[in-house]
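Q: The primary structure of each chain is shown beneath.
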Amino acid sequence: MRKVRIDLSGFFTNRGLQPPGTTGDYGFNIWSNTFPAEELPPAGTVADVAGVPFSFPPDAATGDNIRCRGQVIALPAGDWDWIYLIGAAERRTEDQVELRYRDGSVRPAWLRMSDFWPETPVRFGEPLAFRTRSMRYPRHTHQNHAPALWQQRIGIAEPGNLSAVRLPDNPAMHVFALTLVADEEARCAR
Amino acid sequence: MRVEPAPAPFWRHDLTHCLHTTAGALLAARGLDPLETLGAGWGFRFVPGEVRREEYYFPGHDEDLFAGLAPYHPVSSRWHRPADADQGWQQVRDALANGVSVAVAADNFHLPFRPAYRDVHTNHLMAIEGFDDETGEVFVNDPVPPSFRGTIPLTALMAARDSGNPIAHDRDLFFTANPIGNRWLEVTIGADVPEVDEAFVARVVGSNAAGWLDGTTGPVLTGLAGLRHFLDAAVEGFAEHPESVDEVFVVGGPMLAVAGLHADFLDRAGVRFGDVRLRELGRAVDRVAHHWSALRIAAATAREDRVAAVPGLRQRTAALLGDQEAVLQRMSLVAA
Chain V
341 MRKVRIDLSG
351 FFTNRGLQPP
361 GTTGDYGFNI
371 WSNTFPAEEL
381 PPAGTVADVA
391 GVPFSFPPDA
401 ATGDNIRCRG
411 QVIALPAGDW
421 DWIYLIGAAE
431 RRTEDQVELR
441 YRDGSVRPAW
451 LRMSDFWPET
461 PVRFGEPLAF
471 RTRSMRYPRH
481 THQNHAPALW
491 QQRIGIAEPG
501 NLSAVRLPDN
511 PAMHVFALTL
521 VADEEARCAR
Chain E
185 MRVEPAPAPF
195 WRHDLTHCLH
205 TTAGALLAAR
215 GLDPLETLGA
225 GWGFRFVPGE
235 VRREEYYFPG
245 HDEDLFAGLA
255 PYHPVSSRWH
265 RPADADQGWQ
275 QVRDALANGV
285 SVAVAADNFH
295 LPFRPAYRDV
305 HTNHLMAIEG
315 FDDETGEVFV
325 NDPVPPSFRG
335 TIPLTALMAA
345 RDSGNPIAHD
355 RDLFFTANPI
365 GNRWLEVTIG
375 ADVPEVDEAF
385 VARVVGSNAA
395 GWLDGTTGPV
405 LTGLAGLRHF
415 LDAAVEGFAE
425 HPESVDEVFV
435 VGGPMLAVAG
445 LHADFLDRAG
455 VRFGDVRLRE
465 LGRAVDRVAH
475 HWSALRIAAA
485 TAREDRVAAV
495 PGLRQRTAAL
505 LGDQEAVLQR
515 MSLVAA
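Here the protein sequences line up with chains V and E, keeping their order.
Heads up, the working numbering is the position in the first sequence plus 340, with the first residue counted as 1.
Heads up, the working numbering is the position in the second sequence plus 184, with the first residue counted as 1.
For the record, the hints were derived by calculation from the structure and aren't laboratory data.
Where a beta carbon is used, it is the ideal one built from N, C-alpha and C, also for glycine.
Any given hint could be a false lead.
Here are the computed distance ranges between Cβ atoms for each label pair [said to hold, decoys possible]:
(1) V:S445 / E:D489: 31 to 37 Å
(2) V:A401 / E:E488: 34 to 40 Å
(3) E:E488 / V:G391: 39 to 45 Å
(4) E:G215 / V:A504: 36 to 42 Å
(5) V:T363 / E:Q513: 36 to 42 Å
(6) E:P191 / V:R342: 50 to 56 Å
Some chain V residues near chain E, calculated using beta-carbon distances under 10 Å [what the hints assert, rightly or not]:
(7) M341
(8) T363
(9) G364
(10) N369
(11) E434
(12) T460
(13) P461
(14) Y477
(15) N484
(16) H485
(17) N501
(18) S503
(19) R506
(20) P511
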């Protein structure tokens, strides 16, 4: 099984992971709530979620996640089977991504993303990636108020050489990390 | 005197906010199933110009909120507008002393259990289930996360209900600048609560479908035609009118909630009656709900550059309306 972590730093538009004692242009959701960074993997490290490694976003002023607005993310050549994501939504939602192949063809695929809000169950069966114990507000951190990040996956139902994925134009969706997986063994079992 | 709340299930649906959670608390306390009661109706009714800066705003049903929330049940509500905080508490206390829980409007800024305490003003709704004259406390039921069911000082409740709900800073977004005014809701439940059987569900689906198909575009906007009119007008005027941001977000909230509730109402009915068509229909309604999730945030994040947001909003509303039409076709088949 091959796994390739994709660098999303050039696409980050939103700051949702906030270190303690900081102020500034943070705000995961429209109410400027954030995840406490100290309760999550260190910025810029590799984090394993349900057997899939992800590049956890760096602490950068430009952002740590993509608010989805139709960004096109180039992918390395390969016959990939899955696109894995770390993400969460402002209220659960679903939308189609666009899979772009090197021969020019385009295929839609569904991305379904559960809500980050505390006390809100997963809706689409995604594994829990991380849940912090507290949630930040612009002027305080609220304890025992636990938001979540989930692990999504998008199946590449039609094999081929992918060149890019276009995220939905759905700004309720946030993507923090993306990893491609080729599962040759499972493919042979088809 | 002390009035304690009766044991009742703590209920919240993930796509709802304080209006539906409060309604769920009050209905559950009177023996009604919140999902069956609040999830049966699904439609659109909007009176242009009536959008209010309240978390519990429900389009098209200003005075009788609960009749709008539960159109297939003998449920209604009436706003009380006391003259001041003292009268406001006396009226609520009287209702509680008579064994009836009520809903009160309140500014989270004054509520110790809300994250907005001493920080953000907003116009919230929650259930009050009891009081203790000796300790000076009231029993609150507020399932909106962080959920809370417990006591707070009466002084805090009175301050929250009497708040002017001012705009203090940039985080007071959609639900401020609207004084709370000590308002409270009296909820009435009639005797003829329908049984949720297959005939009831079929009637609900048929009636909802008819409501969507028999839409009007003025003066009150109803049904699919009214929804299309509302969304088209909002998008076409979005760049020019700053208030469009708030309007789409505030109206979108209850539309999201009602779609999500109805989807799960249908799914539960499908499970109970072994009818996969209801489950399929529920999933299709959920897809419409998920468009509302996207649309609300697309509008809310467009405040700084409304012009740039218009193409995306146009695409989203077209997709929403397209999926809404597809659902209506399914509804008609199920109801036939």
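Q: Hint by hint, where does the structure go against what was stated? Just the numbers, ascending.
A: Hints 2, 4, 5, 7, 8, 9, 17, 18, 19 contradicted; others consistent.
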